[in-house]
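Quick mapping for you: the protein sequence lines, in order, are chains H and G.
For the first sequence, my numbering assigns the number 1 to the initial residue and increments by one for each residue that follows.
For the second sequence, my numbering assigns the number 1 to the initial residue and increments by one for each residue that follows.
Since the hints were derived computationally from the structure, they do not count as laboratory data.
Worth double-checking, as some hints may not be accurate.
Pairwise CB distance ranges (calculated) [what the hints assert, rightly or not]:
| id | chain 1 | residue 1 | chain 2 | residue 2 | range |
| --- | --- | --- | --- | --- | --- |
| 1 | H | Gly-308 | G | Gly-99 | 28 to 38 Å |
| 2 | H | Thr-8 | G | Ala-12 | 17 to 27 Å |
| 3 | G | Arg-81 | H | Leu-10 | 57 to 67 Å |
| 4 | G | Glu-37 | H | Ala-262 | 21 to 31 Å |
| 5 | H | Asp-26 | G | Gln-100 | 27 to 37 Å |
| 6 | H | Asp-227 | G | Gly-99 | 21 to 31 Å |
| 7 | H | Pro-336 | G | Ala-56 | 24 to 34 Å |
| 8 | H | Ala-224 | G | Ala-24 | 43 to 53 Å |
Quick reminder that beta carbons are idealized off the backbone N, C-alpha and C, glycines included.
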Amino acid sequence: MNPAGQLTRLGTAAVEFANIILTTPDASIGASARDVVWTHRNTTLYRYRSALRRHPVPILLVFALINRPAIFDLQPGNSFVEFLLGQGFDVFLVDWGEPDEADADMGLEAFVLDELHWAIRETELASGVDELSVVGWCIGGTLAAMYAALEGEAVRNLVLLTTPIDVAGSRYARWVARESFDPAGITATYPTVPGPLIDVANRLLKPVTNYWSTYRRLWEDVAAGRDRRAAYQAMAKWVGDNPGFPGRAFREWITWMYKDNALIRGEIRLRGRRVDLAAIDQNLLVITAGADHIAPREGTVPLLHLVGSADVTHFDRPGGHIGLMIGSNAREGLWPDIAAWLARRSTR
Amino acid sequence: MASASDPLDFAARIYRESESALAALSEQLVGRDAFAEVLAWTTENVMALTRLAFDAGDLVVRNLRLAGRADINRLGRQLARTEDKLERVLQEVEALRAGQAAAATAPGEAEPAAS
């Protein structure tokens with residue numbers, strides 16, 4: 001290509017690059033058809049109906065208190081929900097919504113013993129069964145594990161994806177476990193901690209990768225004429241959509257999990273009831289990611305030896321905290337493996 | 001197709017290697033105690049300044065006899081408490097209805113005589 005052609009191509013690429021960045025908020029994510037089954041405060045329970053339903057035990061998806069659960073249903077062709085529906089599962093999803101300052105009094109006990117407990121009850125009522133599978137991811141996995149330890153009768157199968165359990169030694173712990181980091185000082189200013197504030201902390205874990213390399217890679221793809229608009233925008237929109245973290249839950253999460261490392265020690269009490277991981281007796285699948293810097297494998301694996309379950313499986317796969325469940329590797333590897341594990345344990 | 005000795009390719013390779021090294025270095029940096037300490041101090045200071053600004057703003061709004069953030073939050077919390085109570089009442093009603101339905105269909109249960 002002659003210099004004039006190259007210059008024109010560069011200009012076109014620059015406009016396209018800017019357009020991709022600027023129109024990211026317009027991208028459509030979490031678009032699979034669903035019904036609202038139940039709402040309480042900010043929490044909504046959704047149901048995705050499968051036309052091919054053949055497994056009697058429904059699946060309830062539980063995501064973290066930071067970021068939105070749309071990651072389970074990112075975009076058509078790259079949706080875990082869509083995949084599960086295709087495998088014949090009845091799929092439910094808990095969305096914690098967007099807490100504001102009026103929800104600052106919601107602690108972890110409210111999420112585990114009220115919101116999740118009631119969502120499970122509503123799932124049973126809606127599907128007409130008395131047992132279900134719970135798939136928890138990140139903090140959602142920790143909440144699901146706490147629930148299974150305290151109120152697990154309705155949970156037949158428990159799947160924990162990149163779930164923090166023993167956080168000692170993690171980079172987060174290095175930041176927030178120290179005495180000089182005061183979560184109460186943050187919640188005194190922001191009764192519900194703004195999502196963007198937490199997003200900055202998450203991005204700072206890998207500053208160059210998150211603030212520069214992502215955009216450099218996109219630029220290279222655009223300049224080379226590779227079409228990454230849909231994939232980039234879906235992921236970027238999800239990453240940038242951060243609900244607030246209710247102040248009380250934030251303080252408890254930081255103090256109990258990071259400062260005291262209390263979950264692994266069996267020292268967390270929710271409404272006076274001790275969360276004893278040995279009380280988890282459901283069929284358990286634990287999934288860790290080799291390159292997870294948020295919930296490192298070493299922080300999840302100890303759970304395998306603590307639970308009382310007779311049926312324990314561990315998948316350790318390459319990928320990061322979120323990347324593990326996104327893209328062609330997940331579609332062709334991890335998703336079918338999870339579905340097969342669940343299908344064997346979802347018979348009457 | 002660019003040749004192996006293409007200076008642009010060479011520059012791109014050098015750039016990528018530098019970026020990778022910088023990324024690894026930055027991750028080491030944020031993993032150090034000194035960075036964590038600075039982050040904690042900075043967070044504390046920014047929060048304290050923000051709180052001062054919020055308090056001053058709220059004071060102005062309240063002195064103008066307008067509903068401020070605290071007033072709206074108080075209303076929001078009252079609504080949330082009411083919703084909590086409604087949810088518990090609804091669950092009780094559902095449990096009672098389920099109990100009634102179970103009693104009505106229990107085997108050996110005598111049907112009430114029609115009057």
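Here's how the hints hold up against the structure:
1. The hint said 28 to 38 Å for the Cβ distance between Gly-308(H) and Gly-99(G), and at roughly 32 Å that hint holds.
2. Checking the proposed 17 to 27 Å range against Thr-8(H) and Ala-12(G) shows it holds: the Cβ atoms sit about 21 Å from each other.
3. Our hint of 57 to 67 Å for Arg-81(G) and Leu-10(H) holds, since their Cβ atoms are close to 59 Å apart.
4. Look at Glu-37(G) against Ala-262(H): about 23 Å separates their beta carbons, and that is inside 21 to 31 Å.
5. Taking 27 to 37 Å as the suggested C-beta distance range, the pair Asp-26(H) and Gln-100(G) does not conform, at roughly 51 Å.
6. At about 59 Å, the beta-carbon gap between Asp-227(H) and Gly-99(G) misses the expected band of 21 to 31 Å.
7. About 57 Å separates the C-beta atoms of Pro-336(H) and Ala-56(G), a value inconsistent with the hinted range of 24 to 34 Å.
8. At roughly 25 Å, the beta-carbon separation of Ala-224(H) and Ala-24(G) lies outside the given 43 to 53 Å, and the hint is violated.
Taken one by one, the earlier hints fail for this structure at numbers 5, 6, 7, 8, listed in ascending order.
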